[in-house]
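Trainee: So the sequences go chain by chain: C and S.
Residues 1 to 292 in my numbering are what the first sequence spells out, letter by letter.
Residues 1 to 166 in my numbering are what the second sequence spells out, letter by letter.
No lab work stands behind these hints, which were simulated from the structure alone.
Take these hints with a grain of salt, some might be off.
As the list claims (entries may be wrong) - Label-pair ranges, simulated between beta-carbon atoms:
1. D87(C) with N76(S): 31 to 37 Å
2. L267(C) with T69(S): 55 to 61 Å
3. T69(S) with L23(C): 56 to 62 Å
4. T207(C) with S130(S): 33 to 39 Å
Predicted model only: the values in this text are computed from it and were never measured.
Yeah, the Cβ is synthetic: ideal placement off N, Cα and C, and Gly gets one too.
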Amino acid sequence: MNKKADLFMPMFVLTSFIVLALLFYTISSTNAKRNDLIGASSIALIKVYDEGEKVLYYIDKSSHMSFDSAYNRIANNGGYYSSDDCDQINGYLIINHCKEDFNPYENFKKLFSEDMNSYLKVYKSSYNEFKPEDITLSSTFNFFGFIPDEVKPDDEYSYKSLLEKPVNNLQISSFDFKDNELNVLYSDVKFHVEPVKSSPLASSYYTIHPKFSVDIDDFEIYNRLYASIAVNCINKNHESCNNILVSSFSNIEFEQVGNIIKLTLPLKYSTIRMAFDNSKPLKQLDLFKSSQ
Amino acid sequence: MLGKKGADFGMGLTMIPSIIILIIILTFYFFLFIILGFGKSPDLIIKADSYSDSSKILVLVNVPIGESTLSESIINNIDDKEQLKKLEPEINSIIKSLPVPIRKNAFWNFIVSRNDEELFSIRESTIASSDYYRQSINIPLKDKSLLNMELYLDCNSCTEEDLAVI
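The shape of chain S in the complex, shown without the other chains:
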């Protein structure tokens, strides 16, 4: 209960509850604007990981392997799993030559599938990693089905700056 002294300092009955409510309000907006960064709108500038173009897969399908290209090598041996397996070391070395963020656990993954059935893949990933630069291409096959080749970067704790250099 406030006595004469309190009243002298201008602290009426409403003073303490008002200050508590003010602190709650300020804390709420501080959390909203400063901690969550609500007012900053970070998406104004497009991020590197949103840059989902297909330049790498377009180059990859035309990389020469022997007398044909990578896509032709796969298509020519599409029904021969043994032959596809023989292509793996060569395709793996091509995939490994793609640039990755420096000093990060980052790997390019390459998956070939037909009618959602995986035929061939080169995968490498780490725990709690994320996918970036996912890109794919559809190639026609003689039986009028589509062969899908997909490429993406699997990276653990990659930052905007790490990805921007690729």
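Just chain C, same shape as in the assembly:
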């Protein structure tokens, strides 16, 4: 047998090995660069839409609780922001002794905003980030350097964190009170769609416009009550004061303790509680106008 024939088989084996190794390398590197995951973009859109729905639900629930808390607190404080700066009698604020301004609508807005912000600050997203299944033997290929290492961002810069930040920093754009309905408009929340392929993060986004509406009693009633007390009750006969208040405000109740008169005025959605000293003047008598 000649030498050429002797070399044929080993050369054939070597060539086969090289060809198959090249094929193997080409497929592994192509798989690593693959960016055509069919259906992933649609799912990313559906998921970001779901996230929007969850955020709207969260904002709605938070708004309801903030509203209940602020509205009842204002009613229990007789229109004042806090009971700290006022003297009290059996839990009723004596409005003559309050240091802060009488401005129920502004005080309500301040209380609502503060409470709402505390809910928004603790918002955590429950978004499930996209996890593609590993390519077969990917960890082995990764070990030998066929597939590059996946670089994951810190938690602070993760996609989930990007969804939380706009909610944590959400602002109230406006309060609008009309026909016994309060509408609270929030700033827009912009969510980036999860980049499941090689597309950059800011390539598409989804925006929601949160809004909260609720029926409430007219804040003007606080001003009318305050004005009526100032004009008809301070340094006036107790009986005439009672008669005027009863004729002006249905279901109003009185309780007198010395010079202090405790008032309870049930409304449709709340009950105003306040007290006043009929021997002392009220602050800011010029504030008998609606602050809306």
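Got chain C; can you put chain S on it based on the hints?
Mentor: Just chain S now, kept in the frame of chain C:
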């Protein structure tokens, strides 16, 4: 040792080792490409079980129970374990009404927790089962903590086709 006859058939000294090495190489690549399906890239089309949207939990929280919704019923009784227990049959019937793969051991599981402390759960699972369609929602509570409601499907030997019909 090869004699004249072997040399006549072209079987040199390197022939048999070469064939053995070739068989090893072909077996290795056969295993890699055919058995492991390395070249197929099955993840090109997203699988049904990767479809982790939250549509069911979003509907579930708003399902009416009496005069309130499921989430409100739980929130209103969050600190009353007795009351929460009373809600269990009703919530269980709602969870049972969710669609599951046909002719499979599949159950929807529902877990309510606050600060990682489980408050309420409806669980059912089988041995060697897997979780699918895991979805959850965070709901604010008055004390500024978060209530987490989680829903997932526990299924034994569910295939892509079984899951796709849900």
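Trainee: Give a verdict on every hint.
Mentor: Results for each hint:
no.	hint	verdict
1	D87(C) with N76(S): 31 to 37 Å	holds (36 Å)
2	L267(C) with T69(S): 55 to 61 Å	violated (27 Å)
3	T69(S) with L23(C): 56 to 62 Å	holds (58 Å)
4	T207(C) with S130(S): 33 to 39 Å	holds (36 Å)
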